[in-house]
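Join the two chains into one complex using the hints; note that each chain is given alone, in its own frame.
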Amino acid sequence: MGIEGIGARVARKEDKRFITGSGRYVDDMVVPGMKHAAFVRSPHAHADIKKIDVKAAQAMPGVIAVLTGKEIKADGIGNLICGWMIHSKDGTPMKMGAWSPMAVDRVRYVGDAVAIVVAETKGQARDAAEAVEVTYKEKKSVADAVEALKKGAPQLHPEADGNLIYDWEIGDSAATDAAIAKAAHVTKMHIVNNRLVPNAMEPRAALGHYDKGEDHYTCWTTSQNPHVARLVMSAFYNVAPENKLRVIAPDVGGGFGSKIFIYPEEIVCLWASKRAGVPVKWVADRTESFLTDAHGRDHVSEVQLAFDADNRMTALKVDTVANFGAYMSLFSSSVPTYLYATLLSGQYAIPAIHANVRAVYTNTAPVDAYRGAGRPEATYLLERVVETAARELGVSPAELRRKNFIREFPYQTPVIMAYDAGDYETSLEAAMKEADYAGFEKRREKAKKAGKLRGIGMSCYIEACGIAPSAAVGSLGAGVGLWESAEVRVNAVGTIEVLTGSHSHGQGHETTFSQLVADRFGVPIDSVSIVHGDTDKVQMGMGTYGSRSGAVGMSAVVKALDKVEAKAKKIAAHLMEADEGDIVIENGELKVAGTDKSVPWFQLALAAYTAHNLPGGMEPGLKEGAFYDPTNFTFPAGCYICEVEVDPDTGETEIVQFVAADDFGNIINPMIVEGQVHGGIAQGIGQALLEGAHYDPASGQLLTASYMDYTMPRADDLPSFKVSTSNTPCPGNPLGIKGCGEAGAIGSPPAVINAITNAIGNNDLAMPATAQKVWSALKAATKH
Amino acid sequence: MSQVEMVVNGRKVSGTVEDRTLLVHYLREHLGMTGTHVGCDTSQCGACVVHMDGKAVKSCSILAAQASGSDIVTIEGLANGADLHPVQAAFREHHGLQCGFCTPGMIMAATDMIARHPEGLDEKTVRAELEGNICRCTGYHNIVKAILAASKAMGKAGKGKTKKAA
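Going down the list, the sequences are from chains E and Z.
For the first sequence, the numbering used here assigns the number 1 to the initial residue and increments by one for each residue that follows.
For the second sequence, the numbering used here assigns the number 1 to the initial residue and increments by one for each residue that follows.
Bear in mind the hints are in silico, worked out from the structure with no lab data behind them.
Just so it is clear, the structure is predicted and the values come from calculations on it, not from any experiment.
You can take every hint at face value.
Derived CB-CB ranges, DEER-like:
1) Z:R20 <-> E:A235: 36 to 46 Å
2) E:D215 <-> Z:M1: 32 to 42 Å
3) Z:E123 <-> E:G481: 41 to 51 Å
4) E:A780 <-> Z:G132: 27 to 37 Å
5) Z:D19 <-> E:M189: 53 to 63 Å
6) E:K433 <-> Z:E123: 21 to 31 Å
7) E:A11 <-> Z:D53: 32 to 42 Å
8) Z:R20 <-> E:D526: 43 to 53 Å
9) Z:R20 <-> E:D90: 53 to 63 Å
10) Z:G15 <-> E:P158: 50 to 60 Å
11) Z:A157 <-> E:A780: 48 to 58 Å
12) Z:S68 <-> E:A56: 26 to 36 Å
13) Z:S68 <-> E:D526: 41 to 51 Å
Virtual Cβ for every residue (Gly too), placed ideally from N, Cα, C.
Just chain Z, same shape as in the assembly (with noise of 0.2 Å):
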C-alpha cells in the first residue's frame, strides 16, 4: 500500500491506496471526481487527460503513487466558479461534443495546447497535436474550430492584460 498527498483543483487531499491505482482510478474511485474518463487501457484515448503540475498528463500512465506531492488540475477545476473557462466556452458555442465522454480528455488537452502555442494556433497544428485524443462522434470537425476560437479569444484577453499592465 502507499501513502499518497496532492492538490487536486485546489485542495488538499491524502489516502492510502494499493500500489497499483492509477491516478486515473484514485481520482475517480478515491476522491469520487467522474468527471475523467477511462476509454482505453493502453493510453491511447485520452479521455483521461489531466493536468499535472501545469502539464498534460493521461492519468491512466501514471500511479497514483507516481502523483503524490504534485498539483492536479482536473476538468471539474477548470472553470472559475460559475464562469465558464473560454476552452469549456468554445467547445459549446461551436459543438465541439457530442456525447461528452472524450470532452473532458479533450478539453484538458486543448488547454495545455493552447497554453504551449502562445503565438497561435492553426488547424494543421492542432490536428497534429490531438493525436492523442480519439472522438467517435465529432469527425474532430468542430473540435478543432473550438480550439483555434479559444486559442484566439485567449490570445486577444492576454494580449489585452499585457497592455493594460504596461
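Chain E on its own, in the form it takes in the complex (with noise of 0.2 Å):
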C-alpha cells in the first residue's frame, strides 16, 4: 500500500487550510457589486395571502428590489419537483402538489418563502423584509401525518385527496398475514420514529450572479451536489440552460442529506440577481435553516414480528405512515419506499415480508433524506422489535438474532435487495467481546449498589449504499442515472490531477482520492489535486450522498487511471523497447520487469506531451475519462453495543460505554472511516436522547427553532467511542469497498434505546429519551 496508498492512515491534505481560517465557504465569497438578500416568509402554518405591499420596503434605506412571487411565476420560473415517481398499490402516480420558489396565493409552513428584498447590506434586507406587508387569511393546520389522514383534516394540496401522496407496498401480504396466523410467537409493536433537523453546523447559503454582457449565470452554493443542481435549475426550473449556468460548491461545512435538494433560494437568488442587476447573496441565519432545511425521519408503524416455535423468524409485517412536510422535496418520495423498506429484512432470513407505506403532506417543513435516508428508520423498526422479541421469548437478544442471521451469499430477501456478500457473526463477535457482553451481569450488579440502573441493549444493521446502478434506479422511478465520472489529467510535468462528480465537504476526498493515485503510480499525494464541485470544471456527476463516494466515485477514479496506465504502459514499452506486459509501475517509475531498465513518472508525462517519441498513430497527451455505472447497492453492516447507566431518582442516562463493529469491505483511510462512525454515532445517540423536531400541533408553529430549544449533542453527552472494522471486501466494485458515512447514524439508535429500556424495565420508550421519558417510564414500571 505504501505510506501514502490504499489502507494507510493518511493525516488529510484539506486540513491546512481549515486549521488556519482559509476555507472559503459560500458565505466568505464576494462578488463586485453584490448585495444581500432577506427572505420575507410565512408566520403561518397555514393560510391565503389576500394581499402584499412592497411599497414601503421599497422606500427603506438601501434597498434595491423586493420581489414577489407573482413574479417569479410571471418569468416563467418553474415549480419545484421531486425527481422520483413512486406509483401507489393502484397504480396511480404519486400526487405532487405545486411548489412555487415563492409563495404566490397560500402558504403551507412556517418559513415557507413570500417575498425576497435585495439591499445594500444584510442588516437592511433585514430591516426593510420586516416592512414588506403581507396579509394572510389563516387557514387551520395540521403537522401530525397521522392527524393529516383524518377524515377532516385541513387540505393542503387539491392534487392530493385527504393529504395522501402515495399509498405504496412491497412484498407479498398473503403470505406474510398467513405466516403470521400460523406463528407461535408475534410480536407487536408500534414504532415512532422522530423527526430530526439534520443541522449542517454551516447554514445554507447561495450567491447567485447573472453576468448581462455573457447572458450566463454563476450559482454559489451550498450543495452536496452541484451538477444535480445545475441539471435541475436547467431543465425543470427553467432558470437559465445548462451552458449559461455555472453551479460551484466551494468547501461546504457538512450537508447529512440536507444540502442534496434544490431549494427555493438558489433559484430565487439567480433570477433576483438578473431582475435587479446586482449579484445577490443570501445566507440563512440558524433559525431560517430549522425552518426551512429539509427535516429528516417523521415515521410512524406498526409493527408484526412473527416466529415459529424454534424462535426462527417466518414473517415481518410493517405499516408506516411518512411526514413529508408541505411539499415533496427533491428526493422525498424515495426515502420510506426504496432506501426504507427493502431494508426491512435487515441481517435476517425472513421467509415473508410486506410493508405498506403512506406518504403524507402537513403543514411542516418539507423532510427528505437525513443521514442514512430511510436505513435508520428500518433498523430503528427491526432492532426495536427483535430486541422486544427475544424478551418476550425469554432469549438472549444476541442469540435471537444470531439463530436468525443470514449466512449464504447471495442472499435474496422478498424485498428486492440482493445482499452481495457479508459476515453477520464476526461483527456480532466482535462487538460482545469488545463489550465484554459476558460480564454485563456483574456491572449491573456493581451499579445497582451505587444506586444507578445499568442496562445493555444491542442492534445489528444492515444499510445500502453506493446508490445505485442507475437502469435498476430507473425501473423504480428515479429521474436520474446514478453513476458517477472522473478524468484522470497526468501533466507533462507528472503531477496529477483527478476531476470528480463527487463532493466533499467533510469526508476527506482530496486526501482519500489522492491515495487511490498514490498506490497506482508511487507519487506522493502531495503531487495529486482533487478538483470538484465545481460544472466549469468537472463535466457532470452525480454528487455525493448514500455513502457512494467511496462505492462509486472512487470506482470511476480507478476505472480512469485503469486507462491512464494502459497508455503509460505502451508508452514505456516503447521507449525502453520492452514488452508491453514486462512493464512494472514501482515508486514512480516505469520498469521493464526483471531488468533494470527504467522510466522515471515525470519523464513518461512530458514524453506523452513533447510527442517526440510515441508509438505509432497514438495520439499525444494522458489523460483520460470514465463513467462507472455500480452493477448493486453494497451492504456495510455491522453490531453496535450501548451501555448504559440510569440515575433512577432524576432519569438522567449516561452512556458509560458504546461500541462499534462495522464490516465496510476494503478501507481506503482507517483514520477518516473512523471518524465517519464517530460522526455518525453522534448523530444517532442525538436522535435516542436528545434531539426532536416539535410543532405545536393547533398553530403548526415550530418549537425547536434554535439551539436555544433543539438539543444538540455537545461533547459532554457523549462518551468516546470503542470503534472496529472487519473487511468483507464487497465483490461489486473494484476496490471492494462499501461506504462508511452513514452506518452510524442507523445502526446507534435502537442500540440505546435497547440499553435504557433494559435498565429501567420498561419497554415503552419514545425517542429522544429525555430524561422527563426515562424517568416517567421508570414510574410507570415500578407501579406494577
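This is the structure we're talking about:
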C-alpha cells in the first residue's frame, strides 16, 4: 500500500486551510457589486395570501429590489419538483402538489418564502423584509401525519385528496399474513421515529450572479451535488440552459443530506440577480435553517414480527405513515420506500415480508433524506422489535439474532435487495468481546449498589450504500442515473489532477482520492490535486450522498486510472523497447520487470506531451475519463452495543460504553473511516437521547427552532467510542469497498433505546429518551 | 455609527461601523477575515470564538464598538508564520475536524482552555469545557483526543522552557 496508498492512515491534505481559517465557504465569497438578500417568510402554518404591499419596504434605506412570487411566476420560473416517481399500489402516480419558489396565493408552513428583499447590506435587507406587509387569511393547519390522514383534516394541496401522496406497498401481503396466522409467537409494536433537523454547522447559503454581457449565470451554493443542482435548475426550473449556468459548491460545512436538495433560495437568488441587476447573496440564519432545511425521519409505524416454535423468524409485517411536510422535496418519495422498506429484512432470513407506506402532506417543513435516509428508520423498527421479541421469548437477544442471521450469499430478500456479501457473526462476536458482554451482569450488580440502573442493548444493522445501478433505479422511478464520473489528467511534468463528480463536505476526498493515485503510480499525494464542486471544471457528476463517493465515485477514478496506466505502459514499453506486458509501475517509476531499465514517472509524462517518440498512431497527451455505473448496491453491516446507567431519581441517562463493530469491506484510510463512524454515532445518540423537532399541534409553529430549544449533542453528552472494523470485501466494485458515511447514524439509535429499556424494565419508551421520559417510564414500570 | 479601532492579529485596524455591528461581522465583512464563522444566532455554537485581550469570547456576542481598544486574535493569527500552533497541529494529526466549519471556534476555545489549565487536562474536563462549541461531524471523539494531546505537548514544551530558564 505504501505510506500514502490504499489502507494508509494519512493525515488530511485539506486540513491545512481549515485549521488556519483559510477555508472558502459560500458566505466567504465576495463578488464585485454584490448585494444582500433577506426573505420574507410566512409566520403562519397555513394561510391564503390576500395581499402583499411592498411600497414601504421599497422606500427603506439601501433597498434595491423587493420581489414576490407573482413576479417569479410571471417570468416563467418553474415549480420545484420531486425527482423520483412512486406509484401507489392501485397503480396511480404519486400526487405532487405545486411548490412555487415563492408562494403565490397560499402558504403551507411556517417559513414558506413569500418575497425577497435585496439591499446594500444584510441589515438593511432584514429591516426592509420586516416592512413588507403581507395580509394573510389564516386556515386550520395540521402538523402530524396521522392526524392529516383523518377525515376532516385541513387539506394542503388540491392534487392530493386527503393529504395522501401515495399508498405504496412492497412484498407478499398474503404470504406474510398467512405466516403470522400460524406463528408460534408474534411480537407487535408501535414505533415512532422522531423528526430531526440535520443541522449542518454551516447554514445554507446562495450567491447568484447574472452576467449581462455574457447572458450567463453563476451560482455559489452550499450543495452536496452541484451538477444535479445545475441539471434540475435548467431542466425543470427554467432558470437558464445548462451551458449558461455554472454552479459552484466550494467548501461546504457539512450536509448530512440536507444539502442534496435544490431549495427555493438558490433559484430565487439567481433570478433576482437578473431582475435587480446585481449579484445577490443570501445566507440563512440558524432559525431560518431550522424552519426551511429539509427535516429527516418522522415515521409512525405498526410492526409485527412472527416466529415459529424454534424461534426462527417467519414473517414481518410493517405499516408506516411518513410525514413529507408541506411540499415534496427532491428525493423525498424514495426515502420511505426504496431506501427504507427494501432494508426491512435486516441481517435476518425472513421468508415473508410485507410493508405498506403512506406518504402524507402536513403543514411542516419538507422532509427528505437525512444521514441514513430510510435505513435508520428500518433499522430502528427492526432492531427494537427483535430485541423486544427476545425479551418476550425469554432468550438472549444475541442468540435470537445469531439464530436468524443470513449466512449464505448472495441472498435474495423478499423486498428487492440482493445482499452480495456479509459476515454478521464476525461483527457480533467482535462487538460482544469488546463490550465484555458476558461480564455485564456483574457490572449491573455493581451499579445497583451505587444506586444506578445499568442496561445493555444491541443493534445489528444492515444498510445499502453506493446508490446505485442506473437502470435499476430508473425502473423504480428515479428521474436520474446514479453513476459517477472521473477524469485523470496527468500534467506534462507528472503532477496529476483528478476531476470527480463526487463532492466533499467533510469526508476528506482530497486525501482519500489522492491515495488511490499514490497507490497506483507510487507518486506522493502532494503531487495529486482533487478537483470537484464546479460544473465548469468537472463536466458532470451525481454528487455525494448515500455513502456513494467511495463505492461509486472512487470506482470511476479507478476506471480512469486503468486507462491512464494502460497508455503509460504502452509509451514506456515503446521508449524502453520492451514488451508492454513486462512494464511494472513502482515507486514513481515505470520499469521493465527483471531488468534495470526504468523511466521515471515525470519523464514518461513529458514524453506523452512532447510526443517526439510515441508508438505509431498514438495520440499525444495523458488524460483519460470514465463513467462508472454500479452493478448493485453495497451492503455495509455491523453490530453496535450500548451500555447505559440511568439515575432512578432524575431519569438521566449516561452512556457508559458504546461499541461499534462495522464491516465496510476494504478501507482506503482507516482514520477517516473511524471519524465517519464517530460522527454517525453521535447523530444516532442525538436522535435517541436528545433531538426532536416539535411543531405545536394547534398553530403549526416550530417550537424547536434554535439551539436554545433543539438539543444538539455536545461533547459532554457523549462518551469516547470503541470502534473497530472487519473487512468482507464487496464483490461488486473494483476496490471492494462498501461505504461508511451513514452506518453510525443507522446502527446506534436502537442500541441506545434497547439499553435504556433494559435498564429500567419498561419497553414503552419513545425517542428522544429525555430524562423526563425515562423517569416517567421508570415510575410506570415500578407501579406494577 | 461608531468609530472603532483595535489590534487584530498584531495589526492596527480602524473604521466606522453601524452601531449594531457585531465583532464577528466586523472581522468578516469589514476586514475580510472570513476564518471566524457564524453558525447560529443565539451564542450557542461557538464557531465564532476569538481571543479578546487574551480570553476566549464569542464574537457574535460582542459589538464591534465594545471591542474597540482591545487586542483580538483570530484563527488567522494563531500560527507563527508557517509554523502551526500546537493545537492546530494536534487537530490535524488526530483528525479533529471534518467539514472545517466549527474548527476555527473549536481551536480558539481549545487554546484558551489549555491556557487556563496549566496543570493539564483530563477527558471529563475537556468535554465539560467544550460545552459552548457544537460540532456536527466528528462526534467530538477526535476533538477531545486532539485537545488532550495538545495540552500534553504544550505542557512538556512549557516545562522544557522553565527548565532552560532555570
